[in-house]
Each structure stands twice: as C-alpha cells, then as structure tokens.
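*Asks:* Residue numbers (our numbering), protein chains in the order written: chain C, 1 to 260; chain R, 1001 to 1260; chain D, 2001 to 2355; chain A, 3001 to 3355.
What the hints contain is simulated information worked out from the structure, not anything from laboratory work.
Since we're looking at a predicted model, the values are computed, not measured.
Just so it is clear, CB atoms sit at the ideal spot from N, CA and C, and this is done for glycine as well.
Hints are supplied without guarantee of correctness; some may be wrong.
[Unchecked claim] Some chain R residues close to chain C (C-beta under 7 angstroms, calculated; not the full set):
1. Phe1018
2. Leu1021
3. Met1024
4. Ile1100
5. Pro1101
6. Phe1107
7. Pro1142
8. Pro1181
9. Lys1224
10. Met1234
11. Phe1236
12. Ala1237
13. Ala1241
[As the list claims (entries may be wrong)] Keeping only pairs whose Cα atoms sit at most 30 angstroms apart, straight-line, the calculated DSBU-like set for lysine-lysine is:
14. Lys2315/D x Lys2167/D
15. Lys3315/A x Lys82/C
16. Lys2061/D x Lys2028/D
17. Lys3167/A x Lys82/C
18. Lys1082/R x Lys2167/D
19. Lys3167/A x Lys2226/D
20. Lys3167/A x Lys2167/D
21. Lys2167/D x Lys3315/A
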Amino acid sequence: MKRILSWAAIAVGVVYFFLPLVGMLEFSLKMRRGEYSLDAYRSVMGDPQFQATFGYSVLMACLTIVFGVLVVVPTVFWVRLKLPRLRPFMEFITLLPLVIPPIVIVFGYIRLFNTSSWLPLTGSALGTDFLLMCGYAVLALPYMYRAVDTGLAAIDLRTLTEAAQSLGAGWITVLARVILPNVLVAVLSGAFLTFAIVIGEYVFAALLDRPAFGPYLVWAGGNKAYEPAALAVMTFALTWACMMLIQLATKFSKHTRMPH
Amino acid sequence: MKRILSWAAIAVGVVYFFLPLVGMLEFSLKMRRGEYSLDAYRSVMGDPQFQATFGYSVLMACLTIVFGVLVVVPTVFWVRLKLPRLRPFMEFITLLPLVIPPIVIVFGYIRLFNTSSWLPLTGSALGTDFLLMCGYAVLALPYMYRAVDTGLAAIDLRTLTEAAQSLGAGWITVLARVILPNVLVAVLSGAFLTFAIVIGEYVFAALLDRPAFGPYLVWAGGNKAYEPAALAVMTFALTWACMMLIQLATKFSKHTRMPH
Amino acid sequence: MAYLDLTALQKSFGANQVVKSFDLGVAKGEFVSLLGPSGCGKTTVLRMVAGFETPTVGAIKIDGQDVTHLRPNQRNIGMVFQAYALFPNLTVAQNVGFGLKIAGVSAAETAARVADMLALIGLPDMGARYPFQLSGGQQQRVALARALAPRPRVLLLDEPLSALDAKIRVSLRAEIRDIQRKLGITTIFVTHDQEEALSMSDRVVVMNGGRAEQVGAPFEIYNHPKTRFVAQFVGTLNTLDAIVIDPAGGEVTVQGQPLRLPQPIAALRGATVGLALRPEVVHLEADTAQISRGDFALPARIAAVQFLGAVIRVKAETAAGEISLDLFNRPDAPPPPLGAEVALRFRGQDVIVLA
Amino acid sequence: MAYLDLTALQKSFGANQVVKSFDLGVAKGEFVSLLGPSGCGKTTVLRMVAGFETPTVGAIKIDGQDVTHLRPNQRNIGMVFQAYALFPNLTVAQNVGFGLKIAGVSAAETAARVADMLALIGLPDMGARYPFQLSGGQQQRVALARALAPRPRVLLLDEPLSALDAKIRVSLRAEIRDIQRKLGITTIFVTHDQEEALSMSDRVVVMNGGRAEQVGAPFEIYNHPKTRFVAQFVGTLNTLDAIVIDPAGGEVTVQGQPLRLPQPIAALRGATVGLALRPEVVHLEADTAQISRGDFALPARIAAVQFLGAVIRVKAETAAGEISLDLFNRPDAPPPPLGAEVALRFRGQDVIVLA
C-alpha cells in the first residue's frame, strides 16, 4: 500500500512537470488548421529576429562559461588546498546571487555604471554586453561554484597533490595531469547549467535592453499565437539536451564511478 | 606572494558583489538635495502599492514554503529509506526547474490552464494565484529538495530509524522524535531560500499579471528616481536577513556540529 | 526448550537465498556469537530476530512466544549497531531514556534507570553531553546502555566493535561481556572477527553460505573443528600431508617419520590424508641434539621472524612445506636468527585430521 | 655517517611545538619505524623528510646531500599514504608509471619497469584496471609500486595499513617487509600500532611529545624499555609494588616474599619500587602443591579468561592487584575455570624495574 502511494506521488510529480510541456507541444503542432504540422517551427526558424537573439544569447552563454571557469576553478582549488578556513565564507558569498533578486543586482549595475558614472559602461553596446556577461556570471556563480566544489570534494585533493609532488610533479603538472582530469566532469556540468540559465534569462537582458533570447521569447509570447509554443518546445529541447549532456558526462567518466 | 594574490582575488570578488550595493545605498540616501536623508525610504514605505505588492509576495512565499515542505520532506524521507534506486531520478527531476527557463514553464501553464481549457485557472484571480504558487514551488523545488536531501544525508537515516524501532517507536514517533528534529535546520534553510527567491521573482508574476513585488520593483525602476534604489536596498536587507537566519539556524543546532 | 528459539529459518532476497535452514536455541542468559565471512547470512539472521526482515520460512520464538510476524517495535528487543546510531539531537541521558519514554515509564523512574545505566557503562557524569562530544568507544557504550535501559528480553549486537580503534575494541570486548554477565541478558553477537567471537562467547556459531557449520564453545570450535571451513576460518592453520600406515591404530608417516594419532583414521592404508597443526602446538628446538629418540621432529630452516610483542611468530621451511609457529617472547632469549637450522616438534594428540 | 640523517629537527605550528629536537640516523637499506600515540610528532617528522613541511630548526641529509630546503618534487623520495591516493583517472599501469613519465623516461623503459613493479607486488595482470576496481589492499600495493617505480632514495610509509581490514593488514605487513628487503630500500614507517612497528622494523623509534623516547631493535624496545612511557605504550604490562631489601644485590620483597633481580636497584633500602611484568613471563600453576620451595609464587584467583585462539589471556586477582598473563592454547587442557585458586610464578630476570 505504502509502495503504491509513493509511486503515485512520483507520478503526480511527473505529471506536474510534463503535462504543461505536452500541452505546449501539441498546441505548437496545430498551426495548420485541422492537422499537425511543423509550420510554427518553420515560421520561428525563419524569423531573423529569432536567429539574431538566439545567436546573441548562445554567444553570451559561452563567454559567461569561459569567464566563470577561469574565475571559479583556480579559486576553489586554492581555497580548498591552502585556505580551507575561508570555505564557509565562500559558501556564503556564492549563495548570495540566489537570494538577492536579479532585479536588485541589475539596478545596482545600472546605477553604478550609467552614462554619468566614473565608468560609463551602459553608454556603449559593448560595455552593456560586458555588464550583462558579468551579471550572468553572478547568476551562474552558485551553480558553477557548487559543481566545482563538489567535484574537488570527491577527490582527496591534498593527498593527491602531495602524491604527485613526491613523484616529481611541479604545480603545473599537478593541475594539468591530476586535478583537472578529475574535475572535468564537474566543470562540464556547471557549464551546461550556466548555458541553460543564460539562454532562458529575461530580467537582466530586458532591463539592460540587450537583444537576448529571453526578451524575444516574452515578446513573441505577447504578439504571436503558435510560435511561442514552438519556441518553448525548442528551448525545452535545448535545455533537455544540456541535462542529458550533464548526465552523459557523469556516466562517461568511468573512473569516477565508485563500486556499490 | 601566492597568499597575497589569493586574498586579492577574494577582495575583487567582494567588490564585485558589494560595490553595486554600496553605490545604490549611497544614491538612495541622496533624495534630499545636498544632504543624506531617508526620504526615499519614507516615500517607498508610504506607497500603498508597495504595501500591497510586498504583502502579496510575502503571503505567496509563505504558501509556497508550506506547500514545498509538505511535498518534499515526506517524499525525500521515503525515497531515501525505501526506494533508494529512485534517487538519481529524483535528482534529475529536481534539476529540471533550474534548466527550463521560467518563461517556458509559465507559457506552458498559461497554455494549459487558459480560460478555454478544461481547467480554466487563469480565468479567476484565485486560480491564477494558485497557478503562481505552483510555479513558485517548481522554482524553489531544486533548493528545497537539495536542502532536505543534504539534511537527511547527514544522518544515518536507516540505522536511526531501526534503532528507534527496536526501542519501541512506531512510524509516527520515528518521524516526529528522530527524523524531523535532525532535518529541521535543513528544512529551515530551504524555506529561507524559497522566501528570498519568491520575494524577488519577476517573470512568473509579470506574465501571469499578478500584483507581486517583483513587477512593482521593475515598474518603480522605470518610473521613479530614488525610490528604486531604496527598494533595492530594502530587498537586499531582507534577503540578507534570510541568509543570516540560514547561518544562524545552522549554528543554533549545536548537536549537529561535528568535531571532525 | 530454549529461551530464544530459531527454527528452520530461511530468507531469500529475490532469487538469492541468503539464509538456508538455520536452527539455533539460545539459553536464557547465554552469550552466543554468529561468526562468519561477509555474506554468510549472519547479519540477516540477526535482523530477522530483530524484526527488520521477515523470514521466508521458519519461526522465531522468545520465551515461548512466537514473534516471527511481530513488528520490530513490538518485540522488546535491544539492539546495538556498528554505526552507534545514537540520536544526534538528544543528550546521552535522553538517548538512554528514549525507550523508557516510549514505554510510558514515569520521568522519575526513567531518571533513576538512566543513572543506573550510565553508572553501569562507566560514564556516570556524561548524561548532559551530546553524542558528538563523545569518543567512538563512549558512543558505543551509550548505545549499549540505551539498548539495555528498557530491560529487553534479548540483546542483539551487530558488529558493535568494528568501527572502533584496535585498543578500544579489545577493552570494550571485556566490558560488554562483563555487563552482559552482570545483567544475565540473553545475547546474540554478530562478528566477522574470530578473536572477538572466541574471547567473548559462551558458544560460537560458525556460519558459511547461509548455514551453521558448527555450533560449540570457543575451545571446542578452535581445537576440534568439525569441517575444513571451520578449521581454516577460525585461527591460523598449518597443513601437512601424511601417509596412512594403520588406519585403526591411527598410525601415519610424515616425511617418512612415524607419528601416532590418538584416534583411528577414516582412510585406507597407503592413502594420503591432510593433517592440520595450530601454530602454538609446534615447538621449536634450536639445538637439534636435544631431541630424544622417538620424538617426532621435522628438520627446518627459519624463513621469517615476526616479533609481535608477547608472541613471536616464526615461519620455518620444512621438506613438507612452510610451517608457522608461535613462541612466547623471552627476555633472556632473542628469537632465532633467519636461516638458522632447527627442529620442529609436535605431538600426535595436537594434530587435527582434516576431512 | 648515516644514509638518511635528521639532525636536531624542530617544527612549530604557531605556538605549538610539535617536534622538539629530533635526531635520527638511518642506515642504507634499513627499515625504521616511528611509533607513538597521535600527536607525538611522528607524522610531522615524516612530512619534513618528504618536504611537505619545512623544519623550523635542523637539517635533513640524504646520502650526504642537504635536502632541508628542497621542494618535495626535487627530493626523489617515494611516499605511500594512508588514503592510498591513487590517481582515479589513471589506470594502475599509468599510476605506477606516473613518476617515470615525469622524469622523462622513455615509453618502452617505463612499460618494462611498470611490468616489473606489478610483478613485484603480485598484481601482474591488473595494469589495465582503474583504482576503483581494486580492493583496498590491492590499491595500497599499487601505491607502493608507484612510489617505488622511480627508484627513490628513501621510501616513506605514512600509516599505510590503517585503512585496511585486520586480516589484510597482517598479510600486507609481511609483503611490504619482503619487498623492502628485496629492493634494499631505506624506509621510514610511521604507525601508532605497536604490533606493526615491532613485527616489521629493524629499529623502532618510540616517540612521545615531539621527542624520541627510545630507539632500538624491537626485541630491545619490548624487553628493555628505557622509560615508563615506552614500557607502557609497547605491549601489555602488569605492575607490582616491591620493597627494596638490598639495593646492591637486587633483592626485594613482593607481598612479603623475597625476589632476587639480576641487577642492582637505584633506590634506598626500605623504599618502594614499581616492578613491571609482561603477561607472557607469568606462569600459571593450577596445582599449588607443585611449587617447589624457593620459587617465587603469588597465590591468585582466576578472575577472567579470554580465549583468543592460539593465546588464552587470563586475568588473576592477587593480593598485589590484578595480573594478566598469556597462555598458549593446549587442545588437551581447557583453560582454567573462573574462580579457580592458582599460583602465579615468575623469575627475577623477567622483571622490568620501572624508573
């Protein structure tokens, strides 16, 4: 009885998530009257605005990932190895972007870097793009940090480093041959999560007035009928692909699969 | 040298986060010409729209927390105790809301529960509120799940349950006297996180057209000068208070502090 | 009829039969160990007694009452786990009093009983501490007190010493046994460590592949193993081949030397049988001239010497293979040097004939 | 001059002086153990030799070369850790070849050396496996092979057996010692387990509070401890009070009975001195009539009997306190029953006089 109940609970959860998606998928295929077709998708793909905003967001996502990885991985490695007392502080800092509303962050940026400030970033498109990327990096920080931190926690960082050193390895060899290969999966999963978050982000892009995919989605939602559903399905498919990549990356790393 | 470098990196991180806030705080105090004052705050607090939207969001946050706790805690307990093979599946499901853009989720809801659907929730204010709360619960699910799961992982669930049973405890006693007291802190930290996220959320509330605090923040940002800064500072103070409560809750539970 | 009675117990998980027809009667106040390698089913038997698993076939009776299908919280059984399993949010006193509180015992009575229990485990002043403030050994003693506080009918110990350091493990052995004797509580102890089982138990059940291979007192199990598995699992064993000369008279030859065993041998004349020798029954004679005629003595060469403290373990090479033997340390006589030529002496009555 | 030379080493962490003036010379090919309780500084000494810590004061020389301020990767030292520390992303063969690859050894030579090493540790066919596919004991053997592959000048073992099961721990002891002998590599072994230190080492350094209390062969350390700490930390010890009768002649009385020690006593006539007895030098006489005149014998009552297998540990109560003694199991003579009246016999030359 209890077993059935718990399975039922899980079924409810699945429905709760997937029903909206199925509904949207079905609707997105109904653009042509009376039959299912891919017309809505064709219409979306042909829209030059879609192409522009989507390309822009993908580029921003990639830049954010590179920026995030370069900042997070060495910092976490060093804090874990040499400044472990700073870890609670790091945890706290990286939790902030989750609890400070993005609206507040973006207002702060606008206030600080407006055209009359000492660093008028919002004055140029490129400056605003940079600001947007910084914002995205902040948004993604909790996930990137936790992913890398979990990855490094799974290996015995100090002992592996010392073992490699006693075998003649210098710092660069330690990082390149011992540490990186063992956290690559974690870094990848953090990167995919960052990608998914940036692609769907709305508040930052809208308030900084940049031509990103999120605002386009909302605009399309208000002005078109079937295309938004198609867009939503496509976005979902993309993020789903990201999820799958995370899972695959985890599976692929056979050496980290522990017995039992 | 390396030490200095790493401290410098941390300092940069702090500046990156706190400079926008400090700038905003300074600006928010400058409403009265030539001197610092709390005029902007007074103006905000007196705004009936602020009172209404903020109250609405606090209520929604509390409802979301209750809903989330009631769904998540028993599920996680049962899955850990009796269906451990389902855990990867649970991890996957609870990761979904992070990677599916909120826009897509809310479009799905609107599509599924619009006025011409089989369950026209968006037709009434109360129905839309319910939908909004469901959306918030989905948004908060990853954090609530992970908090509770980590809390349950920290205790030896199975053995503690069996120990209590062998001492004569039934299921209710096990849950009330053994399990709950030991995950309370985790549940609280998940709750505070949920609160912070709901208070600052924009996309759901805006697209479902409900009078929440997020849309009010954005509206004020576009239409007022000093008040948005004051609002941002207040929101930040609130979320900061949440963070502190999370930290305090962790500290308070002296029995879970391990000597290591 | 025994106080605790396990009759024809079987347990399968899916297609995997973990316990195959297990019978055991435990007398009131007896301390019985289930000893065996991992996967032998010993823990499953214990968990069936506790009620965490239901037997596929068979019955469990305590003091005449059939408890086979009672739930764990209805059996009045005390259990101590390998992982201590103290409730981290409760103090030591609250942990010990947990079972009493559930049983509805009054606060005053609970307090008195908790104080008694804490005195019994030698931690009378620790009541207000939290588990994380205790060492592993102290935590396990509190777990024992908690299990004993509600005066259970049977005490079950599931490898309670495995998580502890070597020194504490040894001292806690004696302490648990003392407490068990003092309270006279019927106890089942599960372990994979033969020294624990031998040193603590009234009787040992050696388990293998879901069955009991032998049940007996430690001295019996060690000196008169009934099966090859028991002989090899319990203690260290040297094996020698012998040729049967006179089966009825127990006469054999080892490397051409005659040796008389105290009992007849179930083998034909001329057959080869396996003899087993415990390391402590083999004596080392450094001066080969000292051996009198008629004694059985194998010439040997010292191959390894391990100084363990009180005991020195020597490995000697003989024509019949390597033989381990144990000597006591003697302050006036250092262990023999590597490569020394010696003689190994042993008596027919100390030999175990392997089936 | 010794091959590995530690001179006046000191190490402080902040105000905490962990190592206080430590001197040690290790001969080429010698196996030396650092034995002591946790916090005695043994691991810090090892880490200074490895280069993971820099001494506050003092010098470390290997083969005449001062390495005190060399970085760990410049010392050509092999190290094995308690936690195995195999690189999880590399196969066993890649792990073993890691140091050779860094040293720039050719692929062919590396492959040959790796094969040699895997044969040496008895895992010749495991090269293609990943660490997680091996048992703990196998992983630690691979870690040993990895440390040895680049032919280090010194091998450092940091409690390499602590994470392993009791049975594997014992068998790996002998294996490590064999490999060390075969390669003749100078080795420092850190452990808190006295049996490990005694059974494996050429010499043992007993450490306490950041200092070496005694350095000597295991037999020496065990039978002739120089300080009370060494006597009590290494092995089990019974203590008895004795009254000095004739300091120069080594005569004392224990419970009124005269006992002659082989050496003079550094105490005044009439003073009380502590005598220590190892459990294996005390003999138990069940038949008190058997004791001949002139033998020293204390009347006693059996208080506890622990059957450990080869050894039976008996606790006997005497007027001078409880005394533990070890007997070998004898298949034809069960251990004495609890409460039996016996006599304990020991000789003056087996007694340790405590300072």
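*Asks:* Does each hint fit the structure? Answer for all of them.
*Replies:* Structure-based check of all given hints:
| no. | hint | result |
| --- | --- | --- |
| 1 | Phe1018 | violated, 9 angstroms |
| 2 | Leu1021 | holds, 6 angstroms |
| 3 | Met1024 | holds, 5 angstroms |
| 4 | Ile1100 | holds, 5 angstroms |
| 5 | Pro1101 | holds, 2 angstroms |
| 6 | Phe1107 | holds, 5 angstroms |
| 7 | Pro1142 | violated, 10 angstroms |
| 8 | Pro1181 | violated, 23 angstroms |
| 9 | Lys1224 | violated, 11 angstroms |
| 10 | Met1234 | violated, 9 angstroms |
| 11 | Phe1236 | holds, 6 angstroms |
| 12 | Ala1237 | violated, 10 angstroms |
| 13 | Ala1241 | violated, 10 angstroms |
| 14 | Lys2315/D x Lys2167/D | holds, 27 angstroms |
| 15 | Lys3315/A x Lys82/C | violated, 51 angstroms |
| 16 | Lys2061/D x Lys2028/D | holds, 13 angstroms |
| 17 | Lys3167/A x Lys82/C | violated, 37 angstroms |
| 18 | Lys1082/R x Lys2167/D | violated, 37 angstroms |
| 19 | Lys3167/A x Lys2226/D | holds, 23 angstroms |
| 20 | Lys3167/A x Lys2167/D | holds, 16 angstroms |
| 21 | Lys2167/D x Lys3315/A | holds, 17 angstroms |
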